[in-house]
Structures are given as structure tokens and as C-alpha cells.
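Protein chains in written order, with this note's numbering: chain Z, 1 to 316; chain Y, 1001 to 1274; chain G, 2001 to 2342.
It should be emphasised that the hints constitute simulated quantities derived from the structure, not laboratory data.
Check before you lean on any hint, since a few could be wrong.
[Said to hold, decoys possible] Quick list of in silico lysine-lysine cross-link-like pairs, DSS-like style, CA-CA up to 30 Å:
| # | chain 1 | residue 1 | chain 2 | residue 2 |
| --- | --- | --- | --- | --- |
| 1 | G | Lys2162 | G | Lys2147 |
| 2 | G | Lys2190 | G | Lys2141 |
| 3 | G | Lys2162 | G | Lys2288 |
| 4 | Z | Lys229 | G | Lys2106 |
| 5 | G | Lys2217 | Z | Lys233 |
| 6 | Z | Lys233 | G | Lys2316 |
| 7 | Z | Lys229 | G | Lys2316 |
| 8 | Z | Lys160 | Z | Lys179 |
| 9 | Z | Lys229 | G | Lys2190 |
| 10 | G | Lys2147 | G | Lys2217 |
| 11 | Z | Lys233 | G | Lys2106 |
| 12 | G | Lys2217 | G | Lys2162 |
| 13 | G | Lys2316 | G | Lys2288 |
| 14 | G | Lys2217 | G | Lys2288 |
| 15 | G | Lys2162 | G | Lys2106 |
| 16 | Z | Lys233 | G | Lys2288 |
| 17 | G | Lys2106 | G | Lys2147 |
| 18 | Y | Lys1179 | Y | Lys1164 |
| 19 | G | Lys2190 | G | Lys2217 |
| 20 | G | Lys2162 | G | Lys2141 |
| 21 | Z | Lys229 | G | Lys2141 |
| 22 | Z | Lys158 | Z | Lys179 |
| 23 | G | Lys2106 | G | Lys2141 |
| 24 | G | Lys2106 | G | Lys2288 |
| 25 | G | Lys2147 | G | Lys2190 |
| 26 | Y | Lys1164 | Y | Lys1077 |
| 27 | G | Lys2288 | Z | Lys229 |
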Amino acid sequence: MTHYLIRRFISVLLTLCLVSILVFSLIHLIPGDPVLVILGSTAEREQVETLRNKLGLDRPLLVSYVSWMANLLRGDMGTSIITGEPVTQMIVQRLPATMTVAAAALLLSMLFSVPAGLIASLRHNTYIDYIFSGLVILAVSAPSFWLALLFMLLFSVKLKILPMMGYVSIFENFWQGLKYLILPALSLTFMLGALLARMTRSSMLEVLREDYIITALAKGIPYWLIILKHALKNAFPPVLTILGFQIGYLLGGTVIIEDIYSIPGVGRLIFSAIVSRDYQVVQGCILLVTVIYVFVYTIVDISYVYFDPRLSYDKK
Amino acid sequence: MLVKRFIRNKLGVLGLGIVLFIFLVSLMAGLFATHDPLEISISNRIQPPSRIYFFGTDQFGRDVYTRVLFGSRISLKVGIFSVAIGAVIGIILGSISGYFRGWIDYGILLIMDTIISFPSILLAIGLMAVMGTGMGNIIITLALICVPRFGRVVRGSVLSIREKEYVEAARASGSGHIKIILTHVLPNAMAPVIVVATIYVANSILIEAALSFLGLGVAPPAPSWGNILSDGRNFITQAPWLTIFPGIAISLMVMGFNTLGDGLRDLLDPKLKQ
Amino acid sequence: MKLKHSNSNQRKQPSGEHLLDVRNLSVSFDLIEGTIPAIFRLDLVLDQGEILGVVGESGCGKSVMAKSIMRIIPQPPGRINSGEIFFESRELLGLRESEMRDIRGKEISMIFQEPTNSLNPAFTIGDQIAEVFRFHHRLSKGQAWSKAVEELHRVEIPDAEKRMRSYPHQLSGGMRQRAMIAMALACQPKMLIADEPTTALDVTIQAQILELISQLKRNIGMAVILITHNLGVVAAMAHRVMIMYAGRVLEEGPVENIFYHNHHPYTRGLLQSVPRLDQAHRELREIKGIVPQLNDLPGGCAFSNRCDLVMDICHKREPELKPIGPRHFSRCWLEYEPQRNG
């Protein structure tokens, strides 16, 4: 098991290295002179020189990469061209909000979708199943930002029971925070929940056909336990896969959701940074996104083995 | 025979119906429209739905119904063209990668996986910010997002097909690589491609709407559904109809392509069906 | 010797004398293709300590019968149309599900053919065996675990303590079957239904497993329904044999009779199609034709279209199961001539 973790760790490191090289060289991929693109063609010479120096574009590639990496490992991701703040600080400040919304969306979707998919699989081909499929199709087709606007319309404008915009951390004030959290999380839950529910259902249907389910029946195990213990554990891996894939959706979705609900999160930061060509911030955010990705994928990968012991840690 | 099976699948038929309906609407948008989509009429701004303005008017007095109708053209164009271009390039790359294996495979796979692992929205935003707004750029961006996904699917099929006997036989009889790929490998790899193509069209439509909503897509005053939603957001209290109708349109179109894809999947690979 | 045409019901002793008494069991399946009659008016008795071998080709209904007794047929699409199943004078088909659950795994156990997929890959075998104790004997986790270790010892799995933490895929086929047996016999059931327990195993392992079953049966004193299509297994193990075909019993009797004084042409056909080492130059005789689809049976006797000795009446009326000797029955219109054959 330790062997496996070490190997995993090394491959994670390699991936991160590769990505850092990619991210670093991104600025060289911008057509034209990147500095002029950022500052505009009417910028003064002094500004241009300063920025060029800051971005390391006046030094040979390798040198600037090494110094960039060195800074990175110290936690210094540069400073914003627009506001002058250190990028690391900007990201760290905004990360909790985004993480909270994403986690809430994830939790909500798991809470609804797994039981829903389970029930649908048990009531296969009945009207409950058809209603389920219908809801899934609708939830998957509605754009999350539209849902966000609809929720805002219904709950904030018409019913006036939830705030329209803004954010309060649930760690500071739980109930207030919850009020600000629920609509953004809900907007992301629909698509995610639908995909998870659909996969839970189809996975359960397959598992329930397996021989070991009959064996469990023959042992005299009550049906509810067969479903919740014997079947569910075997049905979970594909659901986990979907979860892993949907992290990308969550990360991308937060951009628009945070914009709509005025949540001070990383998504909004990425968006404004890209649009205003705040290159250092963009770099830092891309790195962050990748780290999150790799982290999530690794956890998903490792948890597979818990659910399906046939995938051994150490390949014999 | 295939058609008969398809008809039995109610979902697929529904999807096909919706897609055809939307095609029809967009083609004949001019016929169904009641006004000019770009015509401004300040005296009629922010009017609720009525018999003259079926979906109401926006902040410039433009008829929302007509704009939604013409918006379907934008969504369809973007969806279809981006997927078509992405598919062609993706198929080429995927077949080369899967057929020849080795370093080429490794290299292409690496690039494809890197692009796929990035959240599509973020990639799209980044590219559009660099390239500038406009339909052409959107199509290029979305095509780029599709390429590695098609590539992966095709590569998977090719990998399994190349082991089959008839490919070996063709190789043994001296056929050139390209001929083998074109005549034996590709036709059998097409089934999953068609299925995912419909789903990627749905995806592209969603991303285009999101981009336009954020102001990075098709530039106003073009009646992209995302644009209308963006207007709606600024006038959400005064003009809720600006939010409701374009969203329904997007959902409908996405639903159509998604269910069509589901139906095609059940048709072409019954093993996947429950 | 002429035989009396007696009603098949007359062979029945009143319930309470047999451990298992199945009467007039009919089971069908409602599928898209139509309703398939899987078992047709089947009677079966099993006494304490007996081993009943149930023989037949694939699709003859052996498994369905076993699962019907355990009441683990999925209904739908399955349907138990008629019949009564008396186990120790309790009628099983009328029991509530919760009562049936108490019986499964504790009084009547079942083991299956393919242990690869019959054991849950996500849990250790220790966990799966202990589960039986936790449910039927209400033991705590720790107690159940130690009892499970004992069971593994009993089925002669080496290194039992360590093996408890193994997952099914880490064991060989033979060991997996032993684990299944441990699981089934944990609560010392009165009856074991073994559905082709050795079919998927290597020949040498087969013998070991059969020996294990024999031994454990002797220790616990349980009855066994041994389902197989292998006549050699039946010869070695069974006291009585039941030959099934197309959901019906065609012949049934003590193992000696079935092998040496059999009556039904199908039985004879089965025996003649088995290669025998002591008759090296004998021709292998096959039964002509193929097993019919259950919803497309020939009229009259189900075997009539493949029988070498078929008569007119065979096409018209299906024979009843008639006694042709002490505890020996046959479903055939032919006269019985007990000679030594085979």
C-alpha cells in the first residue's frame, strides 16, 4: 500500500511540474508582444520595461522559469498588474467562499441523487422510474446560470425570503451564511445531481443482477441490507468516476455563479483577471485549478480500491 | 431496419422531433417572426408579454419573441459548426494516435488529456479573451474543446478495432496504412462518434450561451440567447420575461440534442442500454 | 412385470414424515417472448440425512426448482403458479418474507455453481461468513468473527485466521467454493441445496469438494439436494436420483435402480452418452435432437420427439409419474422390465 502511495505521489509531482512549465510558457503563446497586448499599444516605454521585467520576459527562458519556480515554492505567485496585491493573498482570501459553494453543491447533490437513483433502480420501469428519467433530462439541460437567475427571480425578487446577492461565510454566522449559500449551491446542484443520480441508477441495476446478490438472499439477509450494504458498495465506483469528471464542471460553474450572486470567490477573480489581462493572477489561478484537479483525481483514484478490492494497490 | 428500431425508442424520437422542430424554426425564423430582431423602439421598452409582443420587450423595446427565434440560428450554427470541425480534426488525430501507437500516440494523448482536464468554460473564457469576441472565434474555441474529446473516443474504438482479424488480414495482403484506416477501421469506429457528437452539440450551445452571457461571446446587438439573458439580468426585477423565455429556449435545444444522443446510443449500442 | 397405473399422489406419505415435501409445484416466467413454464407440477421428497441427486441438462429447471424452494425467484418475472412446499411440516410458500428469511441460511442453505461471482467482491470472506452468524444467531461482531474462523477451519482452508481478511478474488476457485460452503453450513442447516457445486472446478478439486460435503453432511446430519448434470457425481454421492427434463421429473428412484434398473428412455440415453473407461470400445450414443424450448414443447410426453421407443400414445397424452418399484417412479407409457442394464 505504501509502495502505491509513493508511486502515486511521484506521478502527481511530475504532473504538477509539467503543468507549471505549461502555465509558465503560456504567456509566450499569446500572439504578438504580450506586454503590449496587456498594456495596450499606446503604453509608455517605462511601463513596458517595468512589466517586461516583472514578467521575466527580458531574461532567457530557463532563467526566468527557475526564478518563477523558486518564488512559487516560497509561496510567492507574483503581484497583480492591476491592483498590485500579491497574487497568493488574493487567491487565499477568495478561496474559502468558492470552496464552500462547491462543497455545498457537492453535498446537496450527493444527498439527493444517490437515494433518488437508488429508488429509481428499485422501481425500475414503473412510473416512478419514468418521472425520474424525465427530471434527470430536464436538470441536465437547463443551464446553471439560467437556473441561478430563475432562483433569484423566485426567491429574492418575488418571495423575498432569500438575499439576492452577496456572501456571508457560514463560519462567521451560520444561519446568515446559509441564506447566502443556498441559491448558488442549488444552481450548481441540478446538473451535478442529475448525472450522479442517473449513474447511481444504472450502476445499481447492473449490480442487482449479479450472482452475489442471490447468494446474499440465500443467506437470509434482509432486502434493505442487501441494497444498502452488498449492492451499494459495488455500485459506487462509476458514480465516483462521474464525481471526478464533474469537478471541472464545478470549477467552471463557479465563475458564472459567483458573478451572478456577487460572491467574492476565486471564480470571479479568474474571470476578471482574464479579461483585464492581469497575467500573474491568471497564472496563479490556473495553477490553483490544476492542483485542485490533481488532488481530487488522486483521492478518487485511491478510493476506487476501497470500493472494488479487485483493483489492488500493488499490482502483483 | 435501423430506422424501425429507432422509432421504438421513444426518447430518441422525442429528441429528433425537438431538433427538427428547432431546425425548422431557425430556418423559417423570418416567417414566424413578428418584428425585426434588431429594431429599437424606445417608447415600447420593457413591456410585459402581450398579443403584440409575445415574449415582451427588452430595455430597447426590441421584441423578445423575435429575438429568441433568431437566436436559434446563432446557437445552431455555433453548435453544429464547432462540433463538425472538432469532429473532423479529432477523428484524424484519434485514428492516427490509436492506429500507430508508440510515441505519436503518447504525444497526441498527452495533449488531448491536458486540454480535456481543463474545465471547458475556463478554457473558453481564456481563449475568447485573447482572440476577441465574435461568432468565428467562438466556433474555433468550441471546436478546440471538442477535438480532444472526439480524439479520445475515436482512439478508443480504433485501439480495439485494429486487433480484429480483418485488419490483420488487410495488412497481410499488403494494403497501405491509410487505406486500411479509411476502409476498415474508421467505418466501424463511427458509432460512438455519432452519439457523442449530439451531446457535444448540446454542450457547445451551453458554453456559447454562457460566454455571451458573460460578454465574451457573440457581440450584442446580435440576439444570442446568452445576450438576452445578460440583458435580463440587469432588469431582473422589471422584466422577468427577459430571463424566462431565452432560458426555456436554451433548455429545449439542449434537451433535444441530449435525448437524441441518448436515443442514438440505445440504438447503436444496445449493450449500454439497461 | 405389469405395473399398476396408480395415481401419483398415492406415493405420498402424509407430510411430517419427510424433511422436505414438495407437491405439485409449478413455476413460470413472464418474459417479453411469452410465458415460459419452467417447472410443471413437480413433486419431490427428501428425508433426513438423504442425498438426492437431481440430474438434467441445462434448462431443465433444476436451478429454478432450487430457488423456488428457497423462495428467491424474482417475482416478477417469475410466478409460482401452484404447489405446496412442506419443510418439517411448515408450508413455505405461505410464510411471510420475514419468517422465510429466518429459514434461509439457517435451516435451509444453498451453494452455487460459480463461486467467482457468487461471493461479493467488495467484502472479505471473513465478513461474509460472519454476517450469517450476526444475523441468525445475533452474535456481536467479535463473536461472529471468531465463529467464522472456526468455520473456515472446518472446511479445511489452510491459514484460516489470515484468510479471513482475504477478498474473494484473492482465493483460488476451490478455496472460494470452500468459503461458500463454510458460509452455507455455518448455522448447521437441516438441508443443503447444492446447485452444481463442482461444475466450474478442476477435476481434482471436484473430488475434494464432494468429499468435504459428504464429511460435513455426516457431521451435521443434514440432507442434501445435489444438483448436477454430471452422472459420475451422482453415482458417487447420492442415495436417490431424480432425472429432470423440460421442467418435469421423468424418472426418480434409488441410485442403484437409476443406474442399473432404469426405465425411462431418457435416463437410458443419458447413461449411454457418458463415456466409460471399462467399456473402451463401446460406441458413444447420443440422444437425437436437442432440448426443446420450454414454450415450444411437443404435445403429449415432453420427450416424445427425441425418444427412440416412442409410441402413438406418447404424442397424444403426457404420462403421469407412476410407481414402478419401491420408491421408484417413471413418467413413461412403456411397460417396465427390470433387467440389469448399463
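Checked hints:
1. Lys2162/G / Lys2147/G: Given that 30 Å is the threshold and the Cα spacing comes to 14 Å, the pair holds.
2. Lys2190/G / Lys2141/G: Answer holds: Lys2190/G to Lys2141/G is near 25 Å, not above 30 Å.
3. Lys2162/G / Lys2288/G: violated, 52 Å
4. Lys229/Z / Lys2106/G: holds, 20 Å
5. Lys2217/G / Lys233/Z: violated, 34 Å
6. Lys233/Z / Lys2316/G: Distance of about 54 Å is beyond 30 Å: violated.
7. Lys229/Z / Lys2316/G: Answer violated: Lys229/Z to Lys2316/G is near 53 Å, above 30 Å.
8. Lys160/Z / Lys179/Z: Distance of about 12 Å is within 30 Å: holds.
9. Lys229/Z / Lys2190/G: holds, 28 Å
10. Lys2147/G / Lys2217/G: holds, 19 Å
11. Lys233/Z / Lys2106/G: holds, 25 Å
12. Lys2217/G / Lys2162/G: holds, 26 Å
13. Lys2316/G / Lys2288/G: holds, 20 Å
14. Lys2217/G / Lys2288/G: It is violated: about 38 Å lies between the C-alpha atoms, which goes past 30 Å.
15. Lys2162/G / Lys2106/G: holds, 26 Å
16. Lys233/Z / Lys2288/G: violated, 48 Å
17. Lys2106/G / Lys2147/G: The given pair, whose Cα atoms are some 15 Å apart, holds under the 30 Å limit.
18. Lys1179/Y / Lys1164/Y: holds, 16 Å
19. Lys2190/G / Lys2217/G: holds, 9 Å
20. Lys2162/G / Lys2141/G: Distance ~17 Å between Lys2162/G and Lys2141/G Cα, so the pair holds.
21. Lys229/Z / Lys2141/G: The given pair, whose Cα atoms are some 16 Å apart, holds under the 30 Å limit.
22. Lys158/Z / Lys179/Z: With Cα atoms ~16 Å apart, Lys158/Z and Lys179/Z stay inside 30 Å; holds.
23. Lys2106/G / Lys2141/G: holds, 18 Å
24. Lys2106/G / Lys2288/G: Not satisfied, since the Cα-Cα distance of roughly 43 Å exceeds 30 Å.
25. Lys2147/G / Lys2190/G: holds, 19 Å
26. Lys1164/Y / Lys1077/Y: violated, 38 Å
27. Lys2288/G / Lys229/Z: violated, 48 Å
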